[in-house]
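So the chains spell out like this:
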Amino acid sequence: MPESIPASLVIETLKDTFREARGARPADPLGWILSVPDTHQKSVLAALDKERALRVLTCATEDEANAIAAGLYIGGEPYVLMIQHAGLYASVNTLRGVAMDGRVPVLYLIGLLGREKEKDPRESRHSMVRFCEPLLDTFAVPHARLEGPNDVHRIPEYYRLAQQRRGPAALLVGLETG
Amino acid sequence: MAIKPEEALRAIAAVRGDAICVPTMTTAPAWRTIAPDDLSVTCVGFMGGASSLGLGLALARPDRRVLVFDGDGSLLMQLGSVATIAGAAPRNLIHFVFKNAVYHTSGAQEIPGGRQVDFVTVARGAGYRDALAIETLDELRGRLPALLSAEGPVLVELHTTLAEQTPMTAPGAPFRQQVEALREKLAGV
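Heads up: the sequence lines are chains A and B, in that order.
Residue numbers are given in the working numbering: position 45 of the first sequence equals residue 45, and the series is strictly consecutive.
Residue numbers are given in the working numbering: position 133 of the second sequence equals residue 1133, and the series is strictly consecutive.
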């Protein structure tokens, strides 16, 4: 059964991930969170309000977040996108154009709002939950689930994967963060 | 008299110094000719993304000016980016909108609202530090020095004619090649 992940654990893991990405280069901010606010990750967003090392940029659309990511990548800055499954569907063309064809590394943290705790997401009665992994499969985007605190190691792992393959990678947040 | 986009780009190229430039759609072919070996990346392959691409560059490189050469139809595709840019308030971003009132690349169909769409009002309402419209080449030349040292974000609505070429008649390098080329150049300077 999936468990909720504490917001503080997500944030500390993101900070470690960005520190690793920067190496010895000091920076303020440490990294960027490009967010189109996701209900499932709202406790992380609330905690980020008090976090000085990471800068949150709230975007009007996921299309924008992808294009901003490309600019940050060209300029050498680390970032992740925090969005909702509906935002993934809304921004498929930009994911294709920026992260796939443009070969811009992008790690997506995608909240599965509506995911039933007792069901596999692929069997959800909600189409937005059910089609998320198949959509990522269609575009050959590597993905994994964040189903509890023991899965946060996937954040740096998939961040590195996106960098190595110079393309998209996605982590699906199964339950509301705590 | 509306400005020829090629003339506007030549005027900007003459005074831009080491600014990073982000053309898109009908400004892209001419910019490649005017500034062929340059700190530029064309928004191609993801419609309407020039302003956001420019924002990312401006945030990553606050030590440099970033000039976006947007189109009116392109900006309408991601008009919310105007609010996102205003919220981020990058001091080094100048957002030119080449306003020809049509989707030139797809056959010059009129954009929604045509010429009456007022991007200056949109930018001011969203919270850009400044926004203005320029209708002649002389006025553009006269204002450029001050514009390029102004505190951004600033939107400049340029009233233009159609470009001589479009990305359909003069395609450039793939976006991925441009991304890596500019990333390497910026890492080395």
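If you're looking for bench data, these hints aren't it; they were derived computationally from the structure.
Incorrect hints may have been included.
A few chain B residues that face chain A, going by a derived Cβ cut-off under 8 angstroms, partial list only [said to hold, decoys possible]:
1) L1039
2) F1046
3) L1059
4) R1061
5) L1076
6) Q1078
7) G1080
8) A1088
9) L1147
10) S1149
11) F1175
12) A1187
Cβ atoms here follow ideal geometry from the backbone N, Cα and C, with glycine treated the same way.
Quick rundown of the hints versus the structure:
Taking 8 angstroms as the C-beta cut-off, the interface hint given for B:L1039 is violated, the closest approach to chain A being about 10 angstroms. Hint on B:F1046 holds. Least Cβ distance to chain A is approximately 3 angstroms, under the 8 angstroms limit. Nearest Cβ of chain A to the Cβ of B:L1059: about 7 angstroms, under the 8 angstroms cut. The hint holds. Hint on B:R1061 holds. Least Cβ distance to chain A is approximately 5 angstroms, under the 8 angstroms limit.
Using the Cβ-Cβ criterion of 8 angstroms, the hint placing B:L1076 at the interface with chain A is not satisfied: the shortest such distance is roughly 13 angstroms. The beta carbon of B:Q1078 comes within 6 angstroms of a beta carbon in chain A, closer than 8 angstroms, and the hint placing it at the interface holds. Satisfaction of the interface hint for B:G1080 is found here, the shortest Cβ-Cβ separation to chain A being roughly 3 angstroms, below the 8 angstroms cut-off. Because the smallest distance between the Cβ of B:A1088 and any Cβ of chain A comes to about 6 angstroms, under 8 angstroms, the interface hint for this residue holds.
At a threshold of 8 angstroms, the smallest CB-CB gap from B:L1147 to chain A is about 21 angstroms, leaving the interface hint violated. Given the 8 angstroms rule on beta carbons, the hint for B:S1149 is violated: about 21 angstroms separates it from the nearest Cβ of chain A. For B:F1175, the interface hint holds, the least distance from its beta-carbon to any beta-carbon of chain A being 4 angstroms, beneath 8 angstroms. For B:A1187, the interface hint holds, the least distance from its beta-carbon to any beta-carbon of chain A being 6 angstroms, beneath 8 angstroms.
When held up to the earlier numbered hints, the structure conflicts with 1, 5, 9, 10 and fits the remainder.
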